[in-house]
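Single-letter residue listing:
There are 2 protein chains.
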Amino acid sequence: MKATVFIKPGKVEVQNLDKPVIEKETDAIIRVVRACVCGSDLWWYRGISEHESGSAVGHEAIGVVETVGSAVDTIKPGDFVVVPFTHGCGNCAACLAGFDGDCLNRDSHSVGYQAEYLRYDNANWGLVKIPGQPSDYSEEMLNSLLTLSDVMATGYHAAATAEVKSGDTVVVMGDGAVGLCGVIAAKLRGATRIIAMSRHEDRQKLALEFGATDIVAERGDEAVAKVLELTDGGVDAVLECVGNEQSVETALQVGRPGAIVGRVGIPQKAEMNTNQLFRRNIGLRGGIAAVTTYDKATLLDAVLNGEINPGKVFTQSFALDDIQAAYAAMDERKAIKSLVVVADK
Amino acid sequence: MKATVFIKPGKVEVQNLDKPVIEKETDAIIRVVRACVCGSDLWWYRGISEHESGSAVGHEAIGVVETVGSAVDTIKPGDFVVVPFTHGCGNCAACLAGFDGDCLNRDSHSVGYQAEYLRYDNANWGLVKIPGQPSDYSEEMLNSLLTLSDVMATGYHAAATAEVKSGDTVVVMGDGAVGLCGVIAAKLRGATRIIAMSRHEDRQKLALEFGATDIVAERGDEAVAKVLELTDGGVDAVLECVGNEQSVETALQVGRPGAIVGRVGIPQKAEMNTNQLFRRNIGLRGGIAAVTTYDKATLLDAVLNGEINPGKVFTQSFALDDIQAAYAAMDERKAIKSLVVVADK
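Listed in order, the protein sequences are those of chains A and B. Taking our numbering, the leading residue of the first sequence gets 1180, the next gets one more, and so forth. Taking our numbering, the leading residue of the second sequence gets 1180, the next gets one more, and so forth.
If you're looking for bench data, these hints aren't it; they were derived computationally from the structure. Hints are not guaranteed to be accurate.
Heads up, the list lumps identical chains together, so a pair's fine if it works in one copy or across two of them.
As the list claims (entries may be wrong) - Each computed DSSO-like pair below joins lysine-lysine, with the alpha-carbon atoms no more than 30 Å apart:
| id | residue 1 | residue 2 |
| --- | --- | --- |
| 1 | Lys1308 | Lys1181 |
| 2 | Lys1344 | Lys1366 |
| 3 | Lys1513 | Lys1187 |
| 4 | Lys1344 | Lys1491 |
| 5 | Lys1344 | Lys1475 |
Using the sequences and the hints given, assemble the complete structure.
What follows is the structure, given as structure tokens:
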């Protein structure tokens, strides 16, 4: 089968690999219909983080179940599913608490989704069943369903851990696909004022379409001053969807006392002066999204009933054979997020 | 009037100072009935933090209002009140969000409560009216009312920011008066399993009386291992009531994914590796307690109806003239917390 393989920084290619098979009784094999490129893939694509040459890549997909292991009884061959990058078992302390991204029983990394087939463990609870078949949906709806494998759930995690509630004023740091999904999530949870930090016109436009009420293009101290001026003392919640040092520092300063910063940007800098949090009762939460939890509880319904349209983050589309171009478009900021059409719907 | 003055590390004394007067229209002058010594007073008493020699000290009291400024209309002379160490205005973004310990309109530090009289600003909203007069209450009840000026509210803040909810399993780090009040708060919020970290028999006993279900005497890695063994994956919430590096490190490791650490121990070390939080979705919240908010919403009623008895943290009592002995008893760990009887009830 065709699968995307990492060669070296700046280079991925489609190779012919063995089709995956059931290895454990909790596995499922999925025939991929749509996949995409994640902002986090750019870390190793750009050579910023280490990655093993020759490894299969990608961790976002929707597709149709082909076979299942003997312990899988909630999902059956032929089911159309969201394939989360997370692998929640549904039964451990983390999953039961609604943090399936940190499932204590997961035993495989999420890799190889930019391919014709993939193997998914903890299929019984982790996969999210979509009604009907891919052919029942428009291209736009398939795009939105695809975002439920990672980016939309990750944006939602920022809002959920920042504890955004009805009537809140929030700041969203980051205008990438995750930040834009954070805007959607903040609105979905009832925020009435959503300040998007963005300095790119195309992304500002999409942020406004998704529900942002204000755009702040400033950065650093100027951004903090602007938000405090706009809000009379700071916002109720902050979604940190970047992870670099400046963004995190800004995030910690724009909340009113007691505000929580929900982080989903992979932190660039580990060491932090946490006394600045204590002095103003600023909370810090976040981490890996609880994809299956959010999809099943909220997001799948919100996509299916048209309340949210996160698929608009895909501004360019590529065939699997053109995977290099899909990465390059994101790397060069020509695409907000690159869709990969793996098979006909 | 008699007032406690800091002389130098290890030495406080009662001096004759001018009685305070109304300085601002939002002030009240309070005749103090009971005061006490705080664990945080020991920082400068022990010379660990700087403190100006000759300054009046103490920040916990109950008493009777003597005079009020012209803008004070919710409190009148003769009212019996809890005098919080915080000074919430009730109207700013912090107070409205329930974080009056970080009031944006406070303009004086909380000092000079270990005295016959004190001046309190933001009296209109900040003070907490107690029904009746001091003479209507038993000594035990006065002790519990006194804890509402700081220690009980601070313990409650740890539980509130750790988001302890009904049915939770929690760990309380610290067996000082704040930690013991944290045990009370966790139980009040419905925690069903409360693991108290304590290695002192008298404090273990009080923790159990307050609602702790388990005692862990180990520290550091051994404490983490013990809690994980007791709880199958970690607790739902952690109350950090110490602030030293080892306690904070332990606190960050005993929660299940998604757990929140509510901190009220003044942090000894500012720099922290926050990636350990991100990797397990551990939240970090806390800071200065919202004393007036908690007292008015929950704690005053809970004390008055006998549901909680935090006054038991006072294990020794002193006259104001014996203030040096009151400090020494806490410094030498002979008292869990020292009560100071300033005037007859």
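How the hints compare with the structure:
In the homo-oligomer, the alpha carbons of Lys1308 and Lys1181 lie at most 30 Å apart inside one protomer (25 Å), although the nearest pairing across protomers, at 73 Å, exceeds that limit. When the C-alpha separation of Lys1344 and Lys1366 is checked against a cutoff of 30 Å, the pair qualifies both within a copy, at 9 Å, and between copies, at 26 Å. Taking the shortest alpha-carbon separations for Lys1513 and Lys1187, only the intra-copy value of 21 Å comes in at or below 30 Å, while the best inter-copy value is 66 Å. Taking the shortest Cα distances, Lys1344 and Lys1491 sit within 30 Å of each other inside one copy (24 Å), while across copies they are farther apart (38 Å).
With identical chains, the CA atoms of Lys1344 and Lys1475 are at most 30 Å apart both within one copy (19 Å) and between copies (23 Å).
Checked against the numbered hints above, the structure violates none of them.
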